[in-house]
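Asks: In case you want the letters, here they are:
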Amino acid sequence: MLHRPGRLTYPSAMTSIESPAPRAADQAVPSPSVRLTDVTAGYADRPAISDVSLDFRPGRLTAVFGPNGGGKSTLLKVIAGLLRPWSGEVAVLGAPPGEAAHRVAYVPQAESVDWGFPVSAWDVAMMGRYPALGPLRRPRTEDRDAVAAALEQVGMAAHLRTQIGSLSGGQRRRVFLARALAATPDLYLLDEPVTGVDITTQEDLLDLLEAETRRGRTVIATTHDLACAASRFQDVVALNRIVVANGPSSLVLDQDVLRRTYGGHLLVLGEQAILLDDAHHHDQPPGAEVHHHDDVPERR
Amino acid sequence: MLDPIVDPLAYAFFVRALAAAAIVGVVCSVVGCYMVLRGLAFMGDAISHAAFPGVVAAYLLKVPFYLGAVVAAVGTALLIGRISRRGNLRGDTVIGVLFAGMFALGVFMFSTIRNYVGDLFGFLFGEILAISTADLVALSVLGAIVLAIVALLWKELLYATFDPLGAAASGLRVGLLDDLFLALIALTIVVSLQAVGIILVVAMLVTPAATAQLLTQRFGRLIAIAVAIGIACPIAGLYLSFWLDTASGATIVLVETAVFLAILVAGPRTGWLRPRARAG
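Going line by line, the protein sequences match chains D and X.
For the first sequence, the numbering used here gives the first residue as 18, with consecutive numbering after it.
For the second sequence, the numbering used here gives the first residue as 411, with consecutive numbering after it.
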């Protein structure tokens with residue numbers, strides 16, 4: 018059977034935290050903007066994600082976290098329509114992936130971009146307007162206004178004409194978020210948006226994304242940063258090829274879930290989680306154990 | 411009194427060659443900018459060599475030279491794209507195989523022509539001084555088609571080149587744009603074959619764009635500078651070849667290469683002679 022956010026049942030010991038009880042949330046749940054049902058996808062002959070069933074709802078900020086190679090980017094690419102799943106159903110904004118592409122903004126990992134490219138911060142943000150403009154048409158006043166506003170929002174108004182590669186890592190992420198904002202999407206898909214950026218940039222970017230969720234937009238971001246996922250995201254998905262856990266971050270991010278997500282390579286001390294280099298308690302492959310959490314999807 | 415600039419213009423063939431050189435220069439440098447940014451410099455070499463069997467076939471079948479060249483060049487370009495995307499082989503590997511294979515096919519077919527009066531040298535290195543008025547018209551039409559397509563789709567090509575994943579996710583048909591761009595490279599090469607020949611055409615595509623890259627980090631200026639170099643160098647090269655009585659295609663390419671080297675050493679932005687170590 019499938020378990021989705023809002024219908025999860027949690028062990029009583031874990032429901033004490035401030036989030037609304039799942040049952041109460043259930044009545045007001047809007048239909049999901051992204052729904053994955055039993056999705057398996059990967060490259061060549063190795064599945065990167067297996068039997069993933071997840072709902073992402075409008076107005077929620079969701080972090081997808083997990084180890085390297087755990088399938089975070091793959092999940093995002095499947096939702097973005099960049100990778101066709103081997104099996105399972107995907108609905109994005111009520112349509113198959115890629116069909117509602119003009120309502121989706123995808124920001125790739127920093128490594129996948131050629132930073133030597135001869136484009137300025139302004140040019141990159143303007144690309145967010147290209148799909149709606151279509152071929153032939155040049156940017157109009159409203160497009161320039163939207164780009165100027167987006168760059169202002171991310172605090173890059175002073176660097177409009179700077180070549181993208183001449184900016185710092187944090188500034189590049191700001192410009193890419195401006196590109197997404199300029200597209201006025203209903204769904205944001207962000208691959209490692211705060212990896213390697215300073216704390217000010219991280220907070221600024223997450224403030225902006227939070228503001229977008231308050232306007233009813235859906236935000237899905239992958240991250241390595243557990244502290245950030247715990248403190249700034251409403252929902253989290255723990256992914257290590259399978260969905261280890263998902264739900265409100267205050268409920269899901271416990272020591273046990275982290276241990277199963279990272280396969281014992283993790284030391285949890287109070288609010289801090291530390292990844293360990295060697296795992297001496299790595300007795301079982303991650304996610305393989307059957308556990309009392311109901312949110313572990315059953316393999317079929 | 412001899413005027414080195416005006417005197418050659420008394421020859422109609424020289425005026426036609428100048429016009430052809432300018433048209434080829436513009437089309438090549440515009441397409442070349444996108445090629446360089448996409449890391450497809452060697453694709454140009456592969457496609458031009460692949461055009462050779464098409465040219466020979468056109469001769470054997472007594473159809474226009476352009477027809478055979480277009481079919482072979484575009485066909486090979488799309489085939490390289492298709493095989494590369496299947497992911498079993500790297501793009502440069504596929505290019506290496508098809509480049510040599512198609513060229514060998516051309517040489518093979520050429521060797522079957524018993525009483526061929528033409529010159530293999532002309533195919534390989536170009537005969538810009540032999541361009542007829544009809545050639546010039548064909549070249550202008552093909553060049554105009556290429557420039558029109560780039561003018562229509564420059565935004566989409568730019569986005570798909572800079573961030574293919576982001577562009578595809580936002581709804582741009584990136585695969586289609588990739589194929590279209592390969593076809594544009596092939597058309598550009600066909601336009602340029604008579605001017606500089608199969609071996610040297612890659613320089614017309616890559617060198618102006620590479621030189622412009624040394625001078626600017628803005629896309630609009632990149633195109634403008636490449637076009638300026640792409641027009642000026644072939645014209646200078648033609649005059650030089652006229653005065654020195656040297657091979658025109660090679661002289662044009664040497665002028666472009668000399669300009670590139672000069673900018674590389676003494677350029678204001680990244681030149682080696684620049685006082686500070688690195689540009690920002």
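One or more hints might be untrue.
What the hints assert, rightly or not - Sample of chain D residues at the chain X side, in silico, Cβ under 7 Å:
{"id": "1", "residue": "99"}
{"id": "2", "residue": "121"}
{"id": "3", "residue": "123"}
{"id": "4", "residue": "136"}
{"id": "5", "residue": "153"}
{"id": "6", "residue": "184"}
FYI, nobody ran anything at the bench for these hints, they're computed from the structure.
The beta carbon of each residue, even a glycine, is placed where N, CA and C say it ideally should be.
Asks: State for each hint whether it applies.
Replies: Hints versus structure:
The closest approach between the C-beta of residue 99(D) and any C-beta of chain X is roughly 6 Å, which is under the 7 Å cut-off, so the hint is satisfied. Contact between residue 121(D) and chain X, as hinted, is supported at the beta carbon level, the nearest pair being about 6 Å apart and thus within 7 Å. Checking residue 123(D) against chain X by beta carbon gives a least distance of about 3 Å; that is within 7 Å, so the hint holds. Among the interface hints, the one on residue 136(D) holds; its C-beta lies about 6 Å from the nearest C-beta in chain X, closer than the 7 Å criterion.
Because the smallest distance between the Cβ of residue 153(D) and any Cβ of chain X comes to about 6 Å, under 7 Å, the interface hint for this residue holds. The criterion of a C-beta within 7 Å of any C-beta in chain X is not met by residue 184(D), whose closest approach is roughly 11 Å, and the hint is violated.
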